[in-house]
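Given next are the chains, with one letter for each unit.
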Amino acid sequence: MNDHPSRDRSVDTPNTAGPVVRINTAATRLRALGQSVGSALVVAGAIATAGCGPKDTPAAVGDTGGTMVVVIPAEPRTLFPPRANGTQELAVIASVFDRLAEIGPELTTVGEAGFTPRLAERWSWATDSLSIAFTINPAARWHDGVPVRAEDVRYSFHVYTSDAVASEARALLGNVDSVSVRDSLTAVVWFKRRTPQQFMEATYSMFILPSHVLSTLPDSALTNAPFGRAPIGSGRFRFSAWEAGSRLEIVADTTNYRKRAVLDRVIWTFVPDLGAATVKLFAGEADFLEQVRPEAIAQVLATPTLRLESNLPLVYGFVGFNLNARRTAATAPAAPHPVFGDVRVRRALAMAVDRERMVRSVLDSMGMVAFGPAPRALIPDTSGLRPLGYNVAAAKALLDSAQWLDTNNDGIRERNGTALAFDLLVPSSSATRGKFATLLQAAWKEIGAKVSLLSQDPSALGPRLEARDFDAWMGGWQTNPGLQGTRQTWASKGTSNYQGYASPTFDAVLDSALTSFDVARTRGLWTRVLQQAIDDAPSVWLYEQRLPVAVHKRIRIPSLRADGWYASLADWSIDPAQRIDRDKIGLGVAR
Amino acid sequence: MVFVAATLAFLLLQLAPGDPVSAIADASNVPPELRAQWRAQQGFDQPVATQYVRWIGNIARGQLGHSTSQQRAVSAVIADRLPNTLLLMGLALGASLLFGAALGAWQATRAGSLTDRAVSFVSLVLYSVPEFWFALMLLFVFSYWIPVLPATGMTDAAMYGSMSTGERLWDRARHLVLPWTALTVMGTAIFARYQRVAMRDSLAEQFVRTARAKGLTTFLVNWHAWRTAMLPMITLAGLFFPALLTGAVFVERVFGWPGMGSALLTAINSRDYALVSASVIVGSAMTALGSLLADLLRALADPRVRRA
Amino acid sequence: MTQPAGVRERSIARRPDNVAPEAIPGMVRGVLPSRRQRWKVPLAFVVLLAGVAALAPVLAPFSPDPPANYDTLQYLSPSRAHPFGTDGVGRDVLSRVLFGSRISLSLAFASVALSLLLGTSYGAVAGLFGGATDRWLMRGLDVALSIPRLLLLLAVTAFWEDLPLSALIILLGTTGWFDIARLVRGEVQQLRRRDFIVAAQATGVRGMRMLRLHILPHLIPLLIVNATLSVAGTIALEAGLSYLGLGVQPPFPSWGNIMAEGSGGMASQWWLTVFPGMATVIAVLACHALGDALRDRFARDQVPA
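Residue numbers (our numbering), protein chains in the order written: chain G, -18 to 572; chain C, 29 to 336; chain V, 1199 to 1503.
Mixed in with the good hints there might be a few duds.
[Stated by the list, open to error] Here are the simulated SDA-like cross-link-like pairs (lysine to any residue), alpha carbons at most 25 Å apart as the crow flies:
no., chain 1, residue 1, chain 2, residue 2
1, G, Lys431, V, Ala1266
2, G, Lys565, C, Leu197
3, G, Lys565, C, Arg196
4, G, Lys240, G, Pro119
5, G, Lys426, G, Gln469
6, G, Lys426, G, Gly392
7, G, Lys534, C, Tyr188
8, V, Lys1238, C, Val225
9, G, Lys426, V, Asp1263
10, G, Lys431, G, Leu386
11, G, Lys426, V, Ala1266
12, G, Lys426, V, Thr1270
13, V, Lys1238, C, Arg145
14, G, Lys534, C, Ile174
15, G, Lys426, G, Arg396
16, G, Lys426, V, Ala1254
17, G, Lys426, V, Val1256
18, G, Lys377, V, Asp1269
19, V, Lys1238, C, Ala139
20, G, Lys173, G, Gly155
21, G, Lys377, G, Thr363
22, G, Lys426, V, Phe1260
No lab work stands behind these hints, which were simulated from the structure alone.
Using the sequences plus the hints, can you model the full thing?
Shown next, in the form of structure tokens:
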């Protein structure tokens, strides 16, 4: 159960939208003029205030040092790791806290391949593979100086699975039975079943928490404890300050067991208005914007101080069809949906969509056509997949053969007095999906289907989907490495399979793909799983989306990991030759 | 007043469709039995009357509930945010009153002239511009096109900590300019419109004619008239509060000003019912306080009332 | 900005312009319409706007829906073919603004009509009955006025997401009548003391008949002025709510939500924010100017009375 509907920013920035390739050159020139006037004024201001007092500017040494300002649209809700879910929270948490071991850049989830030590310096498997003993790095210290111990691991598992905490990550820990403490530096994780992904389950799902700080509190008080706004972790950054509504700051932990972070500090500044956020970036007040809207990309490229870094998150978008009649209880034997119950209609709708052109239009170079219910980064082999190609004539013929005919010449097909008409739910938070919906509406009108768009607030969308009270919806799923979430989202018993897609073949092959230890065999299995989902067309598999980040030229980034841009944040650095004022603040003046 | 606002907020909460618990977290990931447990924790499973009594009792004791969007007490959120809003609104109100009164009085002394009409028209235009759009335009012009002023926030996110006191003041002032301007320009337009009418009426009063007949200089005559004309301005300042509050919500949002307005909008986006209700209560309390204060001030300023 | 409550009546009740017409230089008098006629200019503007909204399907050069060749028409900066540019799915912004005017204006007119109905009835009842009824009704009104309207609207839109257009009209209408009620009540109270009402009462005219024949006609100037100013306020308010994503929901165009769609790209696609904003300013300005001018006009008429 690791997929969650992409209702929050982590998947789809509200108003993330179409491309821009054209910039108004006249405006750019005028702006340049304005900037020179502006800088003159700024200089005048600086002169006016010069000599106001001494400035504390210890020079940064070598490659270390510097300040990066990140602009984000929403303030984190909490920094208490079990209760965090948005990227704006995880970016800070992943920098301040550590996992036992960290997944590799390829996001391989079978066995322990690619995993590197973090709090655990080494680990050993029991012979029956039902437990793994993690040895904590004896040098590891919490940011308050207390050493990290095996008890912290046991406590963290307890918190993550506590009812009172209700962590969303709990579902990921379902296969972990318990954690025991063998000695002060050895924690043993016990599993219920042997699975290919059990190492990942034990490490990826859980940040280790300081039990000496938290265990004095009852579990029910943890969520609202002050810790959530002033966390103590063991990561290469330590938490420094959080000013409600304006900014959050982390600084390098200079005594860290894995060496200090290269940057001195990273500051998140909260700007709810998207227009203001981009202006802040262009004006040089901020160095980093996580999800650049496609229409702002040309502007980023035209700004000499900025560059784009490609970032491919594990997200795919689709139009989900409700295969059963509306409002059918998930358990009751369902009547088929009058329109979508017929696979020919679904295939016809899929074939009527020129996905290439649509994706190019909405997302420009930032989009790709999705293959099936998985992002390509996680599909072992895409070469064998045969998509439903764009073919309006074939789509029309298919509808004709299914007896959907326009008998009264109103442009909409009917069958037995029922019109080929349906509602399409669109999350109002996502401009991208809104644009797709607008274009789909036009495409389906071509083949005689009438679509009404219903804009839905994200919080209202979820309950409607759960009540199966919909015809079709603009969906998007964020996946985790390993794709176990596919069971939850598309298998017939999956709790988030709102479409009611039920294919015994799909279920069986998916189960084999997820439980096979044989990597070579898995490739073929995944091809069969995805092809089944393409042919049954429970959804139009629509798009995948690059969400490039805009970053100031002076910042050097080793790599961006697909499951979160922030994974390597502690290794980012500033080009010493290009330091600006805020890079010279030094570590001493954390406020 | 506050009591009524609290009751209203409670009614809204009760009438709102959907489950307040489903708003607390993405409900799809939470099993039903856990949701039931949360309901019990929050007291949502009790009869409405019980909940209401508890709600009013809590508010009377200053316990405004728990903010789900910030995972802390609502009162802590207000303590953080309200001072920032009051700073912005206070400065804007003061300046609007000052500029508006001066401008309106100046117009009244040359009522009907071309300049008077031109100024009236300009203030009518400014008064007609929606404040969020005006704020966006200010941001676009002064932070992007001619980047002389910082776009958002109250202080420089990175440098403020290492500044000297003088630099800090300068930094704060620079961050204040745009949001303050956005609020003040429109406030000035409103005050000027009313001051102009009040001053003109006052200039026509008997005592002004007497003063003029006594041969007082034009300046002194105007001064006396102005003092009388200021009285309705004080009342207006009190009544102006809700409008100012409206403006502040939009302006805070555009300029990322960490006040109550931006907290309210975030709360709305994340269905944080407790914080939304508390914001309505605080806003109503501010309005009530504003008109009370205006009444008091007017009583102090008006010799006729003072004597009586 | 919404007009502060309760101040309006003061400037209406006060004596009108006492500047003699000859104080205006002759040159200016020639250029500007005479003071008595001044309301005609903004009225013409308002009528023009309403006409444009009514005729949007005829006037708009393009459909408000995406064109077939959407991928070649995205984010075009203003040109002769698209004077206001195009948006992210190739829609002509001028056409969107024209169609948006229908929603923005009709929403404002409809909700103000509702406010007038509510406010007039409430105020008339309070003013006519007087005594305890009046006291209680006025106390209720004070309470309603103490809650800032925007906060109330925001709270309601927060709790009931994705309101349909009709609900938005009702919401704006039911939160906008408090000022009107207060003004009407004041006016009715004054009227009650006037000779002709006392005379009518003496001849046995009562209740609805009294209201219809003798009170309402005298309220009309006040109501017209207030309605005009309320329409201005409501247009601006709707734009603001829609900008925050809480008002009119896409794909229906309204001036506010066109701006909302464009605000993130303000630095590169300024036309998406600037043109709908200017349309809003012009509409609000025209209504304000009309309201002001009508107020002056009616006030002048009342002087001899």
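Structure-based check of all given hints:
Restraint check for G/Lys431 and V/Ala1266: satisfied, since their Cα atoms lie roughly 16 Å apart, inside the 25 Å limit. The straight-line distance between the Cα atoms of G/Lys565 and C/Leu197 is roughly 21 Å, inside the 25 Å bound, and the hint therefore holds. Our distance criterion of 25 Å between C-alpha atoms is met by G/Lys565 and C/Arg196, whose separation comes to about 17 Å. Annotation: proposed proximity of G/Lys240 to G/Pro119 holds, straight-line Cα distance about 14 Å (limit 25 Å).
Using a Cα cut-off of 25 Å, the hinted pair G/Lys426 and G/Gln469 is violated, with the two alpha carbons roughly 33 Å apart. This hinted pair checks out: G/Lys426 and G/Gly392 have alpha carbons roughly 8 Å apart, not beyond 25 Å. Our distance criterion of 25 Å between C-alpha atoms is met by G/Lys534 and C/Tyr188, whose separation comes to about 23 Å. For the hint pairing V/Lys1238 with C/Val225, the CA-to-CA distance comes to about 22 Å; that is within 25 Å, so the pair holds.
Of the supplied pair hints, the one linking G/Lys426 and V/Asp1263 holds, its CA atoms being roughly 12 Å apart against a limit of 25 Å. Taking the CA atoms of G/Lys431 and G/Leu386, the gap is about 13 Å. The hint holds against a cut of 25 Å. Taking the CA atoms of G/Lys426 and V/Ala1266, the gap is near 11 Å; set against the 25 Å cutoff, the hint holds. With a C-alpha separation of about 20 Å, the suggested pairing of G/Lys426 with V/Thr1270 holds against the 25 Å cut-off.
Distance restraint check for V/Lys1238 and C/Arg145: the Cα-Cα separation of roughly 17 Å lies within the 25 Å cut-off, and the hinted pair is therefore satisfied. Restraint check for G/Lys534 and C/Ile174: satisfied, since their Cα atoms lie roughly 22 Å apart, inside the 25 Å limit. Pair hint G/Lys426 plus G/Arg396 holds up; C-alpha atoms about 16 Å apart against a cutoff of 25 Å. With a C-alpha separation of about 24 Å, the suggested pair G/Lys426 and V/Ala1254 falls inside the 25 Å cut-off, and the hint holds.
For the proposed pair G/Lys426 and V/Val1256, the alpha carbon gap of about 23 Å is at most 25 Å, so the pair holds. For the given pair, G/Lys377 sits about 24 Å from V/Asp1269 by alpha-carbon distance, which is consistent with the 25 Å threshold. Straight-line distance between C-alpha atoms of V/Lys1238 and C/Ala139 comes to about 22 Å, which keeps the hinted pair within the 25 Å bound. Between G/Lys173 and G/Gly155 the CA atoms are separated by roughly 9 Å; this keeps the pair inside 25 Å, and the hint holds.
At most 25 Å may separate the alpha-carbon atoms for a hinted pair to count; G/Lys377 and G/Thr363 exceed this at roughly 28 Å. Proposed proximity of G/Lys426 and V/Phe1260 is supported: the alpha carbons are some 18 Å apart, at most 25 Å.
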